[in-house]
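Using the sequences plus the hints, can you model the full thing?
As given, the protein sequences belong to chains A and B, one line each in that order.
Position 200 of the first sequence, counted from 1, bears residue number 200 in this note's numbering, the numbering being contiguous throughout.
Converting from the second sequence to this note's numbering requires adding 258 to each position, the first position being numbered 1.
Bear in mind the hints are in silico, worked out from the structure with no lab data behind them.
Among the hints, a few may not be true.
Computed list of lysine-lysine pairs in DSSO-like fashion (alpha-carbon distance at most 30 Å, straight line) [stated by the list, open to error]:
hint, chain 1, residue 1, chain 2, residue 2
1, B, Lys282, A, Lys67
2, A, Lys66, A, Lys32
3, A, Lys97, B, Lys308
4, A, Lys66, B, Lys285
5, A, Lys144, A, Lys14
6, A, Lys130, A, Lys144
7, B, Lys267, B, Lys311
8, B, Lys261, A, Lys55
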Amino acid sequence: MKKDKFKIDNINLKSRLIVGTGKYKNLSETAKAVKASGANMVTVAVRRVNVLDKKKPLLMDYINPKKIHYLPNTAGCFNSKDALRTLRLAREMGGWKMVKLEILGDKKTLYPDMIETIKSTKVLVKEGFKVLVYCTDDPLQAKKLEDNGASAIMPLAAPIGSGLGIHNKLNISLIIKQSKIPVIIDAGIGTASDATIAMEMGCDGVLINSAIAMSKNPILMAEAFKNAVIAGRESFLAGRMKKNSFAVASSPKKGVIS
Amino acid sequence: MAKIQINGKKVSIENRASVFDILKKYKLNSTKVAIELNGIIVPRSLQKKKKLKNNDKIEVVQFIGGG
Numbered sequence: 001m002k003k004d005k006f007k008i009d010n011i012n013l014k015s016r017l018i019v020g021t022g023k024y025k026n027l028s029e030t031a032k033a034v035k036a037s038g039a040n041m042v043t044v045a046v047r048r049v050n051v052l053d054k055k056k057p058l059l060m061d062y063i064n065p066k067k068i069h070y071l072p073n074t075a076g077c078f079n080s081k082d083a084l085r086t087l088r089l090a091r092e093m094g095g096w097k098m099v100k101l102e103i104l105g106d107k108k109t110l111y112p113d114m115i116e117t118i119k120s121t122k123v124l125v126k127e128g129f130k131v132l133v134y135c136t137d138d139p140l141q142a143k144k145l146e147d148n149g150a151s152a153i154m155p156l157a158a159p160i161g162s163g164l165g166i167h168n169k170l171n172i173s174l175i176i177k178q179s180k181i182p183v184i185i186d187a188g189i190g191t192a193s194d195a196t197i198a199m200e201m202g203c204d205g206v207l208i209n210s211a212i213a214m215s216k217n218p219i220l221m222a223e224a225f226k227n228a229v230i231a232g233r234e235s236f237l238a239g240r241m242k243k244n245s246f247a248v249a250s251s252p253k254k255g256v257i258s
Numbered sequence: 259m260a261k262i263q264i265n266g267k268k269v270s271i272e273n274r275a276s277v278f279d280i281l282k283k284y285k286l287n288s289t290k291v292a293i294e295l296n297g298i299i300v301p302r303s304l305q306k307k308k309k310l311k312n313n314d315k316i317e318v319v320q321f322i323g324g325g
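Below, the structure is given as structure tokens:
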């Protein structure tokens with residue numbers, strides 16, 4: 001079999017699992033979970049430094065950006081202006097052009113505002129950013145993002161942090177079929193089997209934060225997701241058997257003792 | 259002394275201090291943060307040149323855990 005490569009724009013990734021770094025008990029747990037997940041891309045947020053805190057533990061001291069790709073996000077941004085400001089600062093900080101755009105439209109559902117999202121994608125692409133876009137599972141909006149130069153489409157499985165799993169398989173499969181750029185499920189995955197299902201459907205990758213960080217044992221769950229994504233991908237590549245409405249015996253019918 | 263705001267907090271600084279001086283004062287590693295002065299990004303290469311004046315507003319940001 002040809003080696004199964006995963007590439008987003010010009011970046012080769014060893015794992016099809018991307019993990020978030022939020023919600024962990026502390027930075028040490030974050031680092032251990034990232035390691036156990038086998039991911040070599042992590043999402044990170046951009047926030048004000050508490051200048052008066054002398055200790056200031058830094059994410060960069062726990063997860064080395066030279067070894068693991070940082071994917072800065074725009075979490076908490078509700079309009080294009082704030083998102084662009086955040087990502088320009090992120091680029092200045094790390095020098096990386098690959099970013100996760102996420103513009104939320106509503107505090108209760110954290111549902112993406114696609115009008116602002118498409119507007120920002122255009123601007124960012126023009127400025128040379130490689131944009132991975134958190135979006136609704138609407139095939140039309142996903143197509144618009146692709147047409148406007150997005151590097152990857154990241155539809156939600158269910159609302160952020162809900163852990164409900166993939167709620168609209170039909171839409172996700174339509175997006176997979178039409179997209180020429182990677183489709184990565186972002187948000188709403190609850191447990192390892194959800195990730196396997198996404199990968200078996202033909203998603204190129206999954207992005208997981210809460211399902212690992214909020215589990216009872218995040219480090220073990222990180223490993224579970226690593227295996228789940230590999231299993232799902234291999235299953236997709238292998239191609240599942242045909243479904244039958246009735247039983248089809250597994251043992252030969254010939255030679256049964258009578 | 260000049261009065262400026264860092265991340266929304268009012269502080270007093272030496273006259274003609276640079277952005278870089280402020281990073282030093284608060285023990286911030288310039289390679290691990292990004293700076294905005296009055297809404298405009300100050301590239302790392304200009305941090306020493308950029309002097310601060312009364313009523314300037316600085317934002318200092320870093321990467322933290324996020325999803």
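Status of each hint after checking the structure:
For the hint pairing Lys282 of chain B with Lys67 of chain A, the CA-to-CA distance comes to about 27 Å; that is within 30 Å, so the pair holds. As the CA atoms of Lys66 of chain A and Lys32 of chain A are separated by approximately 17 Å, the hinted pair is consistent with the 30 Å bound. For the given pair, Lys97 of chain A sits about 25 Å from Lys308 of chain B by alpha-carbon distance, which is consistent with the 30 Å threshold. About 23 Å separates the Cα atoms of Lys66 of chain A and Lys285 of chain B, which keeps this hinted pair within 30 Å; it holds.
Distance check on the hinted pair: Lys144 of chain A and Lys14 of chain A sit about 28 Å apart at the alpha-carbon level, within 30 Å; holds. The straight-line distance between the Cα atoms of Lys130 of chain A and Lys144 of chain A is roughly 16 Å, inside the 30 Å bound, and the hint therefore holds. A C-alpha spacing of about 16 Å is found between Lys267 of chain B and Lys311 of chain B, which places the hinted pair at or below 30 Å, so the restraint holds. For the hint linking Lys261 of chain B to Lys55 of chain A, the alpha-carbon distance of about 25 Å falls within 30 Å, and the restraint holds.
When the structure is compared with the earlier hints, no violation turns up for any of them.
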